[in-house]
Amino acid sequence: MTEFQILFEQHKDLITIAVYGTSIALIVIGLYAVLMKKHLIKIVIGLSIMDAGIHLLFVAIGYISGGTAPIFSRGNENAGARMVDPVPQALVLTAIVIGFAITALALSLIIRLYKHHHTANIDQLNSLKW
Amino acid sequence: MVITPVHYIIAPLIAAFAIPLLTKIHKDAARVVPGIVLFYNVIVSFVLMKHIREHGMISEVLAGWQAPWGINLVVTPFTGYLASMVSILGFIIWLYGFRFKRTLKGGEIKFYEILQMMMIAGSIGIIITGDIFNLFVFIEIVGISAFSLTAFYRSRDGAEAGFKYLLIGGFASAFLLLGIIIIYTQTGSLNMAQIAERMPDVPQQMKIIALIFFLVALGIEAEMFPLNGWAPDAYSQAPTPTSATFAAVVSVAGVYALIRVVYTMFDVEGVNNYLMIMGFVSMLIAEIAAISQKNLKRMLAYSSMGQIGLVLIAFGIGSKLAVFGALFLMLNHGVIKSLLFMTGSYFIYNTEDKKIKSLNGIYKKLPFVSFLFGLGALALIGFPPFSGFWSKFYILMSAADEKYIFLIIGILLVTVIELTYYLRVVGRIFFAKEEGEPASHKPSVNAIIAMSSLALFIIVIGVYPDLIMPHIQSAAEALLDKSNYIQQILSLN
Amino acid sequence: MEGIFIKILGAFLTAILAFVVGMLYGGLRRKVIARAQNRVGPPIHQNFLDLMKLQAKRTNIAHGFMGHMAPVWIIIAAMTVLMFIPILHGNLWFENLTMKGDLIFLLYMMVFGSLGMALGAGQSGNPNSAMGVSRGLAQLVGFEIPFFLALIALMIQFNTTSIAVLMDHQEATGRWIIVDNPFAFIAALLASLGMFRYAPFDIVGAPAELASGPRSEFGGKYLGTMMTGGAVFAFIKLVMYVDLFLGGAGNNNLEGLAGTALGLVELLVKTFLLYMIPVFIGLVTPRFRTEQAIQFFWKWPTFFGILAIVWALYKNGTIG
Amino acid sequence: MEIIAIILLILLVGSFLTYFVDSFNKKWTGTTAFLIVLITAGIFFTKIKSGYQFNFQLAGLDLQWGLTDYSYYFVYIILGLSVLALLYSIKYMEGKARLGYFYGSFILTVLGMLGVVISQDFVSLFFFWEIMTWASFLLVIYNAYYKIKTKGIKYMIFSAVGAYAMFTAIVFIHVHYDTLLISEAIAKGAFNFEQYIYIPIFLLLGFGIKAAVMPFHVWAPPAYAKSPMSFTTIFSGAMSKMGVFGIGLVFTSFYLSSNPENFFWVRTILGWMGGITAVMGTIYALIQTDAKKLLAYSSVAQLGYIIVGLSTGTQLGVMAALYLAVIHAVFKGALFMVAGAVEKQAGTTDMTQISGLIRKMPYTFVVALVSIIALAGVPPLGGFVGKWLLYEALITESNNYILVVVVFFSSTAAFMYSYRFLFGLFLGQEEKETEHVKEAPATMIIPMIILAIIATVAGAYPGLIFEPAAKAMQAIGFQDVTWQMSSLTNVWGDTTDLFLIAMLIFAVFIISFVFLTLKGLKKTRYVGTKDISTSGELPKEWENLTFQLDFFKPFERAAAPLYKMDMNKIWKDLGKNLEAFFGFFRKIYTGNGQTYALYIVIFLVVLLLFRDVLFS
Amino acid sequence: MSEIKSIGIPTPEEIKQAQIDFAPRCTSAGRVNDKETQGMVEHILNFARKHSLFVVAYGTGCGAIEIPATMTSRYDAERFGIRGAATPRQADVMLITGYLSTKTLKRVIRVYEQMQDPKYVIAFGSCAINGGMYFDSYNTINALDRYLPVDVYISGCMPRPESVIKGFVKLQELIKNGNAGNGEAYRSDLDWYRKNQQKVIKNWDFPDNYNW
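Protein sequences, first through last, are from chains A, B, C, D and E.
All residue numbers for the first sequence refer to the working numbering, where the first residue is 64 and numbers rise by one.
All residue numbers for the second sequence refer to the working numbering, where the first residue is 907 and numbers rise by one.
All residue numbers for the third sequence refer to the working numbering, where the first residue is 4 and numbers rise by one.
All residue numbers for the fourth sequence refer to the working numbering, where the first residue is 284 and numbers rise by one.
All residue numbers for the fifth sequence refer to the working numbering, where the first residue is 23 and numbers rise by one.
Derived by calculation from the structure, the hints in this document are not laboratory data.
Computed from a prediction, not measured in an experiment: that's the story for all the values here.
Note that beta-carbon positions come from the ideal geometry of N, C-alpha and C, so glycine has one too.
Warning: the hint list may mix true and false statements.
Take a look, some chain A residues computed to stay more than 12 Å from chain B by CB distance [said to hold, decoys possible]:
no.: 1; residue: Leu70
no.: 2; residue: Ile90
no.: 3; residue: Thr157
Calculated pairs, PhoX-like style, for lysine-lysine (alpha carbon to alpha carbon, straight line, at most 25 Å) [claimed, not checked]:
no.: 4; chain 1: D; residue 1: Lys823; chain 2: B; residue 2: Lys1200
no.: 5; chain 1: B; residue 1: Lys1226; chain 2: A; residue 2: Lys192
no.: 6; chain 1: D; residue 1: Lys823; chain 2: E; residue 2: Lys217
no.: 7; chain 1: B; residue 1: Lys956; chain 2: B; residue 2: Lys1226
no.: 8; chain 1: B; residue 1: Lys956; chain 2: B; residue 2: Lys1200
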């Protein structure tokens, strides 16, 4: 056991709280950015931050303290009991990919928007309304 | 069984990725291949439906893992019905757009078809998947292709609409993921049947919070007020076949997702009332907004939102008759709204702007298209002898059975609003305008076939609804029979 | 067959009677007005002379077929109404078709002639004619309301819509309806002022303003026939009022010719006295404008008409 | 296949057939439509007798079609008038565009009306009712130019509100009485006002709107006036009678009821609504300058009488209503045809622009004269019978003395617009503009003359109409309806012998015609309408001496308070306010994506906060 | 004769010519002159005509003021059966009350033509007879009977109501004898009358046929 692991064991609750807190904080920050910032890029950044927060939350939920990697290997057949849940990780990977795609698409749209409107202020992008 | 549900998804996806390659071989491949694929999907639908009628529902397992652990595709009469509907409408929309897309440049048609294929594949995926996370993935597939298609015309408004859609779609995916997280922590499963089975053990508060996340996220897809800000923009800016696809395919998938979650996964009291109220509010607000629209496609978009509101009301009522009515209405709405978008697109084509004002006397230019539009408008409002009448009739009957007096009156009053703006347009179309130059864009043969087949459907079903009612009936039964669904999935292994 | 013969003969007699008496009353009116203005005035038979002269006009102008037909409508209306009003109640010669029509029929039939004349006047194309017709019709709407109210009062009080039955009732009880329902009489009397179109309700044919209104394009025999019609109608109205409110005439005990003569005398006395009311009112009053006339009719006469209905209901035992 | 289904199918296919005939040869469209409806009428009257029934299942519902004496009575109106209107229409519509559209919708409307009367269950009733409504809407907007579009919409909105009210009632009948058959619903007392009062009220609202009852009448005048006249003939003549048909049907329970006092309020209210409709229709008719509009308002007024008649609930009253339904269809049909003929020949029906057509269109004038006399209710024509029955019913049986005065006021004021119509179009100055006008073609004249003859014969022999009407009344709950062929009798035993009256008038007419008219026919000098006494002034060619504007100004001044009650404006204001309100509401969709995102978050938060209230 | 060129005293030649041109016509066409030739019926009718004179008073000049006076209680013209008529169609007698300007003449002619036979004309005062004090006025006609057939002239300037009544009595006499009523004469000599009328009426716009 490394020193870090010991530290980790000692402050397990604290760290759990920290991880959860961070993820929720990320979500809130992301939300804030999406809802309050006027610049399109900032909004997209907010969206990404929010996604990141959610992903972190998901991964954190799947984590079992002191668990092993969710790999069945020879000699480690009964690892299933102490294994970290693999599903959230798999899902988060997918979600990250999707988030990436969305971000890319968003940025390309922003470029298009900027070309047409010469502004990236979301308040001015309301020619379609009512 | 040679044909399995997975063909539904695989065929369009393969086609989507093969199109760029095939265009190298022949430049028309991008236009033809989707048609073949979608027609194949139609065949798949028929085969599967027949199979279901004979042998009961199908649960296909992907990648060898059995149901609770692996991803499974479920074709019940309910999902089969929706998937068939989506396939057939997708094919007709392709048929309609076959020549329309010729006007696009070679490269663009490729992207268009890819995105369109992905959207339809994703929608069918949403409908037939039995896995909640898979649902999420398909929603995202639909979402990304839909965002792109909205902004397909690289115009200023298209980009704007696309961005708004994307922003809100991002929220949807985030909340959906949150909901899935909560559900997963509580039930430890992602299979809908298993989640449903384990749901009674979940703490009430958790259940409700998860449900709320689902409701909000899927509400966005199902165009529920106040989550539907994207819809009018997206509908009005997307290419017309895409608008039709939104109305006929994507919204169906969205409503399906919402209903599947609410009906099958959760057993929470009050959600029916919620659906009913929010459905009514969506309908009301959408129709109110539609009444003074100046843009035809935007008006149709609001009208779509209104119709989806009515569907939600019917699902909220929740009796068998109501579900039957709702499913019937989804079908009717898909058909009729596609028809309206198709015909409306020809109007727009000929008037150069999308304004309703410039439709005056267009009957002289495009008699047949105007005729079909009028028919569609009347059918959508719910006039007999068109199919729209029966769906509305059954929904109201079911509401009456539950003694929702004010709901009935409210729906009917909102219908009056709907009627007002539709008939304004119809009135304009059939105006006796003095002068009129011949139409510059006559509808092409394939478009006429597509539109006529839809119109024929409307009339035939309107006069003789018994043709399709048994299917819808079994679909409604399948949706409501939750325990059977769970048992079948978990024991069909 | 004999019955029909008597009927036809009676119809002729009635028509002649109505014609003579109506024309004489017209002359009498002119005489009365002249005397009231301290003039000698024309002779009583002046109207006959006028009529004769008009019929003897050598040329006659018509503006078209309807104009040509205008007198025919008036004669039709006059004759038809005459046939359905009991001149002398229960008299073989003067009863005509009394039992075959009722008050509502009479009410509508009386308009027939005016409408026919209005059509003729309309075809002349003279704006004055049309204006006169417009005023006349408007005034008609005015005075028909109280008149109708009065009639309803009678109908519901005596449970009949037939004028003959009303007369039977008066004969049987020996009490005139004017006593039974005075308000109905008042309402009907006030309405009759408009019906006669004497001052103050003579704006329809105001000579200086409208050039005699509907008649302005009629001359010669057309005018003559119209005057005849007007005279007969005046008589008809008077007889109708007498029948309705003043016990009618002819219900005496004498048989044969003497009875008829006595009945006719009674009728003449009653109608003459009744006739003098609008004549005297017309003497001393200026002219109402049309809307004033209508408003007048919708005010007091209507009030009395409603009062008459209430009274009738009270008498009838329905209320009170 | 059942004969009734075949008939409906003929009409449905005929509608499409007409549409396609038009695209091949415009000349034959009208004839095709006429033949189709003629054949339908022929088959119907020969093959189907009253009492016919046909049960079947559709969409999981037990449906029933059939004919009672009551509905058969209306079939006479519908098919008879439709055949005549289509015959008239051949020439009337000649040369107009979109004939296929017109005739297709026309036949669909006929189909709808026929369907309404043959329906014996509510679903079919509503089904056909709606077909009738939208098909007629298409015809209302046929003539529409830019400004008029709102009129058609107004019609449709009112119709839809009515239809949906009806539908609500139907749904509740299904829920409370578990039946969709009309006869069963009546038997179970669904139309009684005791238990579920909203059922009959909603039904009455639905039918009443179609019958243009007072506060909902605003759609009718513009819709009647703006449609092609050949259609207005059946629009006003037959389709408005569908409302009457329905009201009669709803009132069946009232007529059957042993204790009519239960119905006191509804019949009082409906009667007064009818009375006010009659008055308002009339006073607005007489200030119109467009002949079509005048007739349209007059139709509203006449429908008011019918409603009054139905609401009396007595034998004479209902007889009056049914009789008026037919006779109104007849004379108003003829009048609208006259207006159409004038429109076709002279180009307009604006009475301020044309006048003096009598010499140009003598036959049309004669028809107009006869029909107007019938409309005004002057004996000896058919209209008088209806008026007589109505008054007698109100006075002798219904004891509604004030209402009878209201009705009487309306019908007296009807003289004014009757005259106005004749004067405005046919009499008065012959203007230079109308010099080219010729008599309408024969196929337009013949239907008019047929209608005029019916109106005349009905005056002398009303029994011809009383007979089916009495049967119809027995079908809706009256026992032993008595009637005579040519005389009228009320409960007090007073009679009016119509045959005698007609004969007398005819005799006097002949006599006076011979002695007064024929005698001087040659001696009379006929002069033009410019030769009038104008204080010696010579009227110039350009001088317009026709008195047409503000024709009844004095009456307007006298009746000013009545004119202040403008329902049209009230509804318009309501519509405008609603639309402004809607316009305010749709600003929710601000167009700003961020706002939408904010909505989502707020919605989520609200749901999360109120989760205990919402879900459990 | 084209038209009167100069205004003022005419030269003798002109007067002579004028005497030829404007010689009063005494036509008898269509008139029933003799008592003997009248039938019994006509006699009775004339009696009626005599006692029923409907007057259209054309107030051309100052004499118009005398008409109401004649109708008042003091003179009471109605006792002779004289009463006003509102329009020429209903009237028997036309009164030309005083001087007649050419402008008014046109209207008078029209009113006269609209009256129905038998119709009578009574001219009031010297002005109507020979121009009176306006004999040389440029816009007043001098002799009425060149333009319309006149039955009775009443002299005076103006005639008092007594004279007016006298004139009416004279007319009644004429009617009784069958000597009044020149409608037929006017019609048969229309050409001559028209010529005279057209001479003085500048803006002649009457329709050609008499029956218009």
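Status of the hints after comparison with the structure:
| no. | hint | in the structure |
| --- | --- | --- |
| 1 | Leu70 | 27 Å, holds |
| 2 | Ile90 | 8 Å, violated |
| 3 | Thr157 | 6 Å, violated |
| 4 | D/Lys823 with B/Lys1200 | 52 Å, violated |
| 5 | B/Lys1226 with A/Lys192 | 38 Å, violated |
| 6 | D/Lys823 with E/Lys217 | 22 Å, holds |
| 7 | B/Lys956 with B/Lys1226 | 23 Å, holds |
| 8 | B/Lys956 with B/Lys1200 | 45 Å, violated |
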